[in-house]
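Chemist: Now for the letters of each chain:
There are 2 protein chains.
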Amino acid sequence: MRIIADNIQITDPRVAKALSEMDPSPVQDLAKQCEQAGADILDINPGPLTRDGEKKMAFLVEAVQEVCDLPLSLDTSNASAMAAGLQACRRKPIVNGFSLEPAKIEKILPLALRFDCDITGFLLHPNGMVPGNAEERLTLAVQLFEALNDKGVEPERLIIDPVLVPLMWEDGPRQAMELLTVIRMLPELLGYPTRTLVGLSNLTSGRGPKEKKRLLEAVYLPMLVSAGLDGVLMDIFHQHTVSAARACDAITRQGTFSWEEVA
Amino acid sequence: MRIIADNIQITDPRVAKALSEMDPSPVQDLAKQCEQAGADILDINPGPLTRDGEKKMAFLVEAVQEVCDLPLSLDTSNASAMAAGLQACRRKPIVNGFSLEPAKIEKILPLALRFDCDITGFLLHPNGMVPGNAEERLTLAVQLFEALNDKGVEPERLIIDPVLVPLMWEDGPRQAMELLTVIRMLPELLGYPTRTLVGLSNLTSGRGPKEKKRLLEAVYLPMLVSAGLDGVLMDIFHQHTVSAARACDAITRQGTFSWEEVA
Numbered sequence: 011m012r013i014i015a016d017n018i019q020i021t022d023p024r025v026a027k028a029l030s031e032m033d034p035s036p037v038q039d040l041a042k043q044c045e046q047a048g049a050d051i052l053d054i055n056p057g058p059l060t061r062d063g064e065k066k067m068a069f070l071v072e073a074v075q076e077v078c079d080l081p082l083s084l085d086t087s088n089a090s091a092m093a094a095g096l097q098a099c100r101r102k103p104i105v106n107g108f109s110l111e112p113a114k115i116e117k118i119l120p121l122a123l124r125f126d127c128d129i130t131g132f133l134l135h136p137n138g139m140v141p142g143n144a145e146e147r148l149t150l151a152v153q154l155f156e157a158l159n160d161k162g163v164e165p166e167r168l169i170i171d172p173v174l175v176p177l178m179w180e181d182g183p184r185q186a187m188e189l190l191t192v193i194r195m196l197p198e199l200l201g202y203p204t205r206t207l208v209g210l211s212n213l214t215s216g217r218g219p220k221e222k223k224r225l226l227e228a229v230y231l232p233m234l235v236s237a238g239l240d241g242v243l244m245d246i247f248h249q250h251t252v253s254a255a256r257a258c259d260a261i262t263r264q265g266t267f268s269w270e271e272v273a
Numbered sequence: 011m012r013i014i015a016d017n018i019q020i021t022d023p024r025v026a027k028a029l030s031e032m033d034p035s036p037v038q039d040l041a042k043q044c045e046q047a048g049a050d051i052l053d054i055n056p057g058p059l060t061r062d063g064e065k066k067m068a069f070l071v072e073a074v075q076e077v078c079d080l081p082l083s084l085d086t087s088n089a090s091a092m093a094a095g096l097q098a099c100r101r102k103p104i105v106n107g108f109s110l111e112p113a114k115i116e117k118i119l120p121l122a123l124r125f126d127c128d129i130t131g132f133l134l135h136p137n138g139m140v141p142g143n144a145e146e147r148l149t150l151a152v153q154l155f156e157a158l159n160d161k162g163v164e165p166e167r168l169i170i171d172p173v174l175v176p177l178m179w180e181d182g183p184r185q186a187m188e189l190l191t192v193i194r195m196l197p198e199l200l201g202y203p204t205r206t207l208v209g210l211s212n213l214t215s216g217r218g219p220k221e222k223k224r225l226l227e228a229v230y231l232p233m234l235v236s237a238g239l240d241g242v243l244m245d246i247f248h249q250h251t252v253s254a255a256r257a258c259d260a261i262t263r264q265g266t267f268s269w270e271e272v273a
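If you read the protein sequences in the order shown, they are chains A and B.
Letter by letter, the first sequence follows residues 11 to 273 of the working numbering.
Letter by letter, the second sequence follows residues 11 to 273 of the working numbering.
Honestly, I wouldn't trust all of these hints.
One copy or two, it doesn't matter: identical chains are merged, so the pair holds either way.
[Unchecked claim] In silico EDC-like links for lysine to aspartate or glutamate, alpha-carbon gap of 16 angstroms or less:
id	residue 1	residue 2
1	K220	E271
2	K222	E271
3	K222	D259
4	K161	E116
5	K42	E111
6	K222	E270
7	K102	E188
8	K220	E270
9	K42	D245
10	K27	D240
11	K27	E111
Keep in mind that the hints were calculated from the coordinates and are not lab data.
Could you put the whole structure together from the sequences, leaning on the hints where they help?
Modeler: Structure representation (structure tokens):
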């Protein structure tokens, strides 16, 4: 399973500082720490980038690439900033991401074709609303798939994020279990080995004791993995969850078991 | 999910001592510790009981019941010792268990009818061999179900143990993943909400670092739970695995999420 660190985001003071002062070193320190903690991919989420978006996104990509060889996932709704960031990438990045919102289909999705790279597609309604059950999610997946076809993007480029909602929502536990069904059914529904990705931090967002949040992450992730999940976007400094992810790999990778693979 | 402690077994020196000296206190101490550690059910496994089996099984049951109100699961292949133990139980016990071995069908299975209690059925070939894949396991499940019918035992009495094999076996990881498929398919195959139980200690039996073994248990258990597992037979002193089991419950129980349920 690929672990995508969600740590390089504007809510981290080091990222905010790097951007406001155009100083690469704070974000470079963070990127190195993410790599050491076991990330396979780094997500870069600079927020809305209302001003100088292109320059700032390219700056972040270049800053991170100077100290780290991991592939990047670029996370912004600003299409021109996204394009500038993709242009600056030395290795194939992931466009993170699009949904059925018309602006995203028109401006973000075509970037996957232009830069020949993978793109995350969120199972959200065109108005941005989170679907309420598995059936809605499966319908949205078919619509995402059709949008890809319309724009001439190969279906293999799509990584579906079925959109995990917090357990604390009224129907959170039910949605968490239904998400497993969605992940399990997508390959048969779409007719090819669809890749999936989940933003795990969403599971426990809101108030709650930190240790219990970590425990919930570490048990829900194996459920996702056994349903067929390919990638997880998570806080890479949750070491226990990283260890759980690697232990899952040792079970699911098939072939002969090896203790070496368990962290 | 119900957690069945597998700690009261003849390989524990306290159980061996209690049996050899017919002294209840060592096994009573152990039973109390198991209850405090979070067990829902206590499995009592006194080994083959080649001599004075009836007396010894009844002694163990009575000793444990004096200090603990938890239901018991009686684990012996000695049918007359099993009957004596079941007779001594104050609360409905579980007969653990039978398989397609002819002696077990003839002597152990009828005890579930006679004592009107649940019985664990192992997915093993009639010669005791472990099945090699999901298809064999599903075939064996149908045969177990038919054996129940033949002996007049209600299908709802059956708790199927699909027989987990160690990861260290040549095809261990593959079998671990196939077991999830078996658990998921049983209710549809047999046509009713079949209960399942897995002996989790088997996953990591053999040599290996203790901490890694615990980690593997704690990630494989959520996979089992999301496949529909109802009960787990495990070392109740693996506190991290117990916490993982309770965290799984908080996600899978549906309804509104509560932090109280996460240990």
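Chemist: It remains to establish, for every hint, whether it holds in the given structure.
Modeler: Status of the hints after comparison with the structure:
no.	hint	verdict
1	K220 to E271	between (27 angstroms within a copy, 15 angstroms between copies)
2	K222 to E271	between (26 angstroms within a copy, 10 angstroms between copies)
3	K222 to D259	between (23 angstroms within a copy, 13 angstroms between copies)
4	K161 to E116	within (9 angstroms within a copy, 66 angstroms between copies)
5	K42 to E111	neither (34 angstroms within a copy, 59 angstroms between copies)
6	K222 to E270	between (28 angstroms within a copy, 10 angstroms between copies)
7	K102 to E188	neither (32 angstroms within a copy, 35 angstroms between copies)
8	K220 to E270	between (29 angstroms within a copy, 14 angstroms between copies)
9	K42 to D245	within (14 angstroms within a copy, 40 angstroms between copies)
10	K27 to D240	neither (33 angstroms within a copy, 50 angstroms between copies)
11	K27 to E111	neither (31 angstroms within a copy, 70 angstroms between copies)
When each numbered hint is compared with the structure, violations occur for hints 5, 7, 10, 11.
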